[in-house]
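Chemist: As you go down the protein sequences, you meet chains A and B in turn. In terms of the working numbering, the numbers along the first sequence are unbroken and rise by one, the last being 231. In terms of the working numbering, the numbers along the second sequence are unbroken and rise by one, the last being 371.
Just so you know, these hints were derived from the structure itself, not from any lab. One or more hints might be untrue.
[Unchecked claim] Partner residues aside, some chain A positions facing chain B, computed with beta carbon under 7 Å: (1) A22; (2) E120; (3) A121; (4) A129; (5) A131; (6) R134; (7) G136.
[Claimed, not checked] A short list of chain B residues far from chain A (calculated; beta carbon distances all over 10 Å): (8) R33; (9) G47; (10) L86; (11) R102; (12) T316; (13) R351.
[Claimed, not checked] Each computed SDA-like pair below joins lysine to any residue, with the alpha-carbon atoms no more than 25 Å apart: (14) B:K140 / A:T143; (15) A:K47 / B:K140; (16) B:K140 / A:P147; (17) B:K3 / A:T143; (18) A:K47 / B:R12; (19) B:K183 / A:K47.
Glycine is no exception: its CB is placed at the ideal position from the N, C-alpha and C atoms.
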Amino acid sequence: MIELFGIGVSLQPLWLTLKVAALTTLILLLLGTPLAWWLARMQSSFKIVLEALVALPLVLPPTVLGFYLLIALNPDGPLTQALRLFGFEGQLTFSLTGLVIGSVFYSLPFAVQPLMHAFEALPTRLLDAAATLRAGVLDRFFTVVLPLARRGFLVAMTLTFAHTVGEFGVVLMVGGNIPDATRMVSIAIFDHVESLEYAEAHLLSGMMLVFSVVVLTLVYGLNRRFAVKVG
Amino acid sequence: MLKGHLTLRQGRFLLDAGPFEIDTRGVTVLFGRSGSGKSTLLRAITGLDRHARGQLEFHGERWQDGAWQLPTQRRDIGFVFQDAALFPHLSVRGNLDYALRRAPLSPIPPGGGGAGGEGGRRALPFDLVTLAARVGIADKLDRDVLSLSGGERQRVAIARALLSRPRLLCMDEPLSALDWRAKAELLRLIDELAREVGVPILYITHAPIEVERLADRVVFMADGRIEHIETLREALARPDSPLFDEEGPVSVLEGETGATDEDGLTPFGNDRVRLRLTGGCARGSRATRLRILARDVSLSLDDPARISILNHLPVTVERIDPEHEGRVTVACRLADGQLLLAEITAYSLRRLGLHAGAAAYALIKSVVLMD
Chain A
1 MIELFGIGVS LQPLWLTLKV AALTTLILLL LGTPLAWWLA RMQSSFKIVL EALVALPLVL
61 PPTVLGFYLL IALNPDGPLT QALRLFGFEG QLTFSLTGLV IGSVFYSLPF AVQPLMHAFE
121 ALPTRLLDAA ATLRAGVLDR FFTVVLPLAR RGFLVAMTLT FAHTVGEFGV VLMVGGNIPD
181 ATRMVSIAIF DHVESLEYAE AHLLSGMMLV FSVVVLTLVY GLNRRFAVKV G
Chain B
1 MLKGHLTLRQ GRFLLDAGPF EIDTRGVTVL FGRSGSGKST LLRAITGLDR HARGQLEFHG
61 ERWQDGAWQL PTQRRDIGFV FQDAALFPHL SVRGNLDYAL RRAPLSPIPP GGGGAGGEGG
121 RRALPFDLVT LAARVGIADK LDRDVLSLSG GERQRVAIAR ALLSRPRLLC MDEPLSALDW
181 RAKAELLRLI DELAREVGVP ILYITHAPIE VERLADRVVF MADGRIEHIE TLREALARPD
241 SPLFDEEGPV SVLEGETGAT DEDGLTPFGN DRVRLRLTGG CARGSRATRL RILARDVSLS
301 LDDPARISIL NHLPVTVERI DPEHEGRVTV ACRLADGQLL LAEITAYSLR RLGLHAGAAA
361 YALIKSVVLM D
């Protein structure tokens, strides 16, 4: 608990939210990049189905996604049991792990779609040219793909992070609302409003507002500096 | 030596090349119309298309075996793309550096990849700055590649490809996007570099004039197949040569350009065949090839003295091709053994009584020095 403007409020939900959002962004960057690359280069008609699957969290009510995840991740479910064989203790639901898993699924399209579009816009012959100059696969990725698709990466990271910060339904279903453990900021604000603690709700909401404006300004600034002409 | 058999399906198009065996020394031109499969074959040879199937060997080194492919980056090739394909996020120097940093440091020792000669890697006689100067971009090293003209971009692309020290340099219609002046300048540059650097070149074009200028060897392609692999000389000796589709039969004479004489004429040829050329372009030229359209060559039974045509060469008629729309092409042997084609009317042929083995004089109305 801290006191700000004479209002006592726990900042724990804020830190947890940032932590979950940062972890989710990192994981989606690692998983989303190869997935987006594969989808961007895919020529089979199966691509449409995969694209639809990736976009699913955009249209599915978060509670539906959260519900299925809750079923899949439950302590007696096959996934948790399988992990127990490898010495995993604790549980996937109602924990930080659960929050991150839920967020990864929920924010998947926000990472994959911008990356996919950036990769599709990348001229193939530049990669061919790099290969003829003896650059291997990873070399090509870091020296050609990354610099030319950096706007896509920036957009993907920002959207993933921001979207995770703002989520409500999935984290409520998978994480529960355990104070100091899985209570994220959006749920905390909801709780304060429910209990008619408007001052606390104002404080947290105001902080989120300032945080969002600062982040977006930074991103737009970077985006301008990152402008890459492809001619 | 490039040897193999490659197939590659792209939608409804099927490339089925081979079995082929190409001696890659010097400049080998892949020639054919658009859609004949030249680019597809080159992509299969370079490993840029993953769907290629078959067998491919370069100097005994396996590049393709069934569906297995040696990755492009390990094939020791350089590639100049039609649109240069420079990296837009790097400067001119950055693009050249990209190649240099990945190039092998020392030449492959004899025995380690084709002993010495053709298959071996030659030491590049240039460092980055010298090569940039050689291709004419020395003052553009720090420029943004997008600010360059089409011709300048291709110069950078050529320098970049050479700096990676390839054992085989592939060029896919490198001049097609350029205006005529840039085309002429680059054609000369490529011709000179091919001789100076000595790297084998595989060059794609559909322009006969580029073939006649550069080729030592021509691979003719049509409908996804290799139709002929022959030397330029053989390709020009054949009456049905695809090189003649555009402007009719053409001869290419090889020789050396001499110093301009007091009449303002520049000699070209050798000690047995001698032509005299006019025009400023001939002066100080180092050109070694002359292009003569058969329709600019007339035949005469004796050497006319009172005539404005400058070049009269004694020839022996070697072959008379079948009549076509009242005209015939007569293949004539020059004193030094080179072939010169003359296109005359069938009526004149009968009137002069020309036959294989007959002696005559070829009167050459105009020539183009390939410079």
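Chemist: Next step is simple, just say for each hint if it's right about the structure.
Modeler: For each hint, the structure was consulted:
no., hint, verdict
1, A22, "28 Å, violated"
2, E120, "17 Å, violated"
3, A121, "12 Å, violated"
4, A129, "4 Å, holds"
5, A131, "4 Å, holds"
6, R134, "4 Å, holds"
7, G136, "5 Å, holds"
8, R33, "22 Å, holds"
9, G47, "8 Å, violated"
10, L86, "8 Å, violated"
11, R102, "4 Å, violated"
12, T316, "48 Å, holds"
13, R351, "58 Å, holds"
14, B:K140 / A:T143, "22 Å, holds"
15, A:K47 / B:K140, "44 Å, violated"
16, B:K140 / A:P147, "22 Å, holds"
17, B:K3 / A:T143, "33 Å, violated"
18, A:K47 / B:R12, "21 Å, holds"
19, B:K183 / A:K47, "42 Å, violated"
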